[in-house]
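Peer 1: Given chain A, work out where chain P should sit, using these hints.
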Amino acid sequence: MKDPSLMTARLAGGRREKLWLRIRRHWQVYLFLLLPVVYLLIFAYYPMTGIQLAFKTFDYKKGIWGSPWVGFEQFTKFFNSHMFSRVVTNTLKISAYEIFAGFPIPIIFALLLNSFRHNKLKRVVQTVTYMPHFISVVVIVGMLFQIMNSRSGLYGTFSRLLTGTYPRDVLGSATAFVHLYVWSGIWQGFGWGSIIYLAALSSVNPELYEAAEIDGASRFQRVFHIDIPCLLPTAIIMLILRAGSVMTIGFEKVYLMQNALNLSASEVISTYVYKVGLTAMIPDYPYATAIGLFNSVINLVLIITVNELAKRYGNTSLW
Amino acid sequence: MPEAVIRAMRPLKNKVKLSAADKIYYSIVYTIVLLLTLLVLYPLIVVVSSSFSSGQAVTNGRVIFLPVEFSIESYKRVYEYTVIWTGYRNTIFYTVAGTLWNVCMTTCAAFALSRPKLPGRGWLTFLFAFTALFNGGLIPNFLLMRDLNFLNTIWVMIIPGAISVYNMIITRTFFQNSIPAELSEAAVVDGCSDSRFFFAILLPLSKAVLAVITLFYSVGHWNAYFAAMIYLTNRGLWPLFLREILIMNQFSAEMLTTLSDEEILKLQGMSDLLKYAFIVIATVPILCIYPFIQKYFAKGVMIGSLKG
Chain A
0 MKDPSLMTAR LAGGRREKLW LRIRRHWQVY LFLLLPVVYL LIFAYYPMTG
50 IQLAFKTFDY KKGIWGSPWV GFEQFTKFFN SHMFSRVVTN TLKISAYEIF
100 AGFPIPIIFA LLLNSFRHNK LKRVVQTVTY MPHFISVVVI VGMLFQIMNS
150 RSGLYGTFSR LLTGTYPRDV LGSATAFVHL YVWSGIWQGF GWGSIIYLAA
200 LSSVNPELYE AAEIDGASRF QRVFHIDIPC LLPTAIIMLI LRAGSVMTIG
250 FEKVYLMQNA LNLSASEVIS TYVYKVGLTA MIPDYPYATA IGLFNSVINL
300 VLIITVNELA KRYGNTSLW
Chain P
0 MPEAVIRAMR PLKNKVKLSA ADKIYYSIVY TIVLLLTLLV LYPLIVVVSS
50 SFSSGQAVTN GRVIFLPVEF SIESYKRVYE YTVIWTGYRN TIFYTVAGTL
100 WNVCMTTCAA FALSRPKLPG RGWLTFLFAF TALFNGGLIP NFLLMRDLNF
150 LNTIWVMIIP GAISVYNMII TRTFFQNSIP AELSEAAVVD GCSDSRFFFA
200 ILLPLSKAVL AVITLFYSVG HWNAYFAAMI YLTNRGLWPL FLREILIMNQ
250 FSAEMLTTLS DEEILKLQGM SDLLKYAFIV IATVPILCIY PFIQKYFAKG
300 VMIGSLKG
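So the sequences go chain by chain: A and P. Heads up: the first sequence begins at 0 in numbering that gives the first Met the number 0, then just goes up one per residue. Heads up: the second sequence begins at 0 in numbering that gives the first Met the number 0, then just goes up one per residue.
If we strip away everything but chain A, and leave its shape as in the complex, we get (with noise of 0.2 Å):
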């Protein structure tokens, strides 16, 4: 511990003020901390202590705390079962294809938009576009399930007028399920995912648009060799965060579209440890604690290692 006496902050001037002093200065502010710090120890870091369920097995007669130690048993348990090849591969399957189809389009978007002349079109197509990402999932999916319906749906219709037949049903197919759900994604996110690319655009230096323009660059040129390299360290940033959650997959999305047809393509990680944690007959409390941890330690793993390359090779990170 050191001592509270020398430890001393410079104040402007060169005074120096001591630690305690400061914080009895500030005591207002602390106040204002108080009920969010509350909140967050026991809503936010008090669960963290219930991961230790993961290493024990259930007594109910003991509690959390009481329970018996078993040590990895749960993990080996789950990585032995027939699930965790199967719903491993569709969470990543699910993550990759997001990230490969969705991750450009915003960015795409945010530099067609960024040279639009007309601004009250713009500001038009900004109101429209944000509008799917202030509906709720399980509208998303409604709507999905109403107009993918091979016999009442736009679907139907369009494939009978141009095939004269009424298509397969795609929303029990588990093939067609990721393409559904990656896509009916985009629809919804590109256009707030771009709202950040904006930004990044907005903040672009004039002046480098007018030397290239001097210099002889064609609209399309400015694009390509200014506002990319602009938009690069966001990128990078968006890229990290979105790395950092390639093991979860929302478990709101999925259990709604999810149904008994479907479901070899469809149980990612999430909607598992649901089913086995709350909805079993017999819920297994440690054993989905084990597998949401398995996932959260991947993502802090993962993260942290993005991060730590995009570091060394982009010089630009999250921390």
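Treat the hints with caution; some may be incorrect.
Unchecked claim - Keeping only pairs whose Cα atoms sit at most 25 Å apart, straight-line, the calculated DMTMM-like set for lysine to aspartate or glutamate is:
1) K274(A) - D146(P)
2) K22(P) - E212(A)
3) K61(A) - D283(A)
4) K60(A) - D146(P)
5) K22(P) - E209(A)
6) K17(A) - E184(P)
7) K116(P) - E184(P)
Stated by the list, open to error - Far from chain P, by Cβ distances over 10 Å, these chain A residues were calculated:
8) F42
9) E97
10) A100
11) G152
12) T174
13) H224
14) E251
15) L262
These aren't lab readings, by the way, just hints derived from the structure by calculation. Source: prediction; values computed, not measured. No residue lacks a Cβ here, since even glycine has one placed at the ideal position from N, Cα and C.
Peer 2: Relative to chain A, chain P alone:
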């Protein structure tokens, strides 16, 4: 002729005729963007049009743009489905109460963390940021709710999720960048306490960011279904149970008990139509509010969040 004279003789940028390459570029850009916009707009239009069509037309897939056999039958039915109104009322309550709680907590935390000379600021910020990287998982959170006796109460829909770190960072960055340091210093010189500064100076100047996080939190609450699904078994507490209606087709079972046979037949033909009406009712409130807040998004608020 000297360079400067030639350059001065160049027409103004706006009046320069576009080169051929530029013309092509612009036509491509505009086409793609407008196509994408229509791609977004079209399904939304079809949904609204379908809700204003007849059940027959919808089930047979005849609505492809404008309403077919215009009627407000679906809305009448929804209006009569009183169970939905409980859900609607709950949703409104959770949204208002929850957002109020969120915004208060977030602004307090963001304010505190924006004070540059606060001792321990780095650690405290890390305390908040870490929760965005790692959490206990589904089961520990569920057990916590159970131990707090939050299960099956309104509190489980309001209290958890008080602070979204993302929103807090946006707010904190706004406080740091948009409130000039001179203002803070002048206030200190005049003997203004931190809390007075917060209420009398900071908040009134922060309407933009407050509007934005209010919108974000409201939308989050309005669209929530997961928490209700796992924590609430009392149907009277459920928010708008869209999942049951849209995904699980449960509404018709409810209505079946109170209706005559021919009404039941009619309803079954209308199941698709009613879904569209529910979608519209659930989504319209948000879509009406958000354009007003939209002007705050693009520039200052969002770019600040990234740097933070």
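Peer 1: Now tell me if each hint is right for this structure.
Peer 2: Outcome of the hint check:
1. K274(A) - D146(P): Holds - the C-alpha atoms of D146(P) and K274(A) are around 21 Å apart, at most 25 Å.
2. K22(P) - E212(A): Judged against 25 Å, a Cα distance of about 15 Å means the pair holds.
3. K61(A) - D283(A): 15 Å, holds
4. K60(A) - D146(P): 14 Å, holds
5. K22(P) - E209(A): 18 Å, holds
6. K17(A) - E184(P): Given that 25 Å is the threshold and the Cα spacing comes to 20 Å, the pair holds.
7. K116(P) - E184(P): Holds, because 12 Å separates the two Cα atoms, which is no more than 25 Å.
8. F42: 6 Å, violated
9. E97: 18 Å, holds
10. A100: 15 Å, holds
11. G152: Incorrect as stated: the minimum Cβ-Cβ distance to chain P is 6 Å, not above 10 Å.
12. T174: Holds, because the least Cβ-Cβ distance between T174(A) and chain P comes to about 21 Å, which exceeds 10 Å.
13. H224: For H224(A), whose nearest Cβ neighbour in chain P is about 14 Å away, the distance exceeds 10 Å, so it holds.
14. E251: 5 Å, violated
15. L262: 15 Å, holds
The structure is inconsistent with the numbered hints 8, 11 and 14, although it conforms to all the rest.
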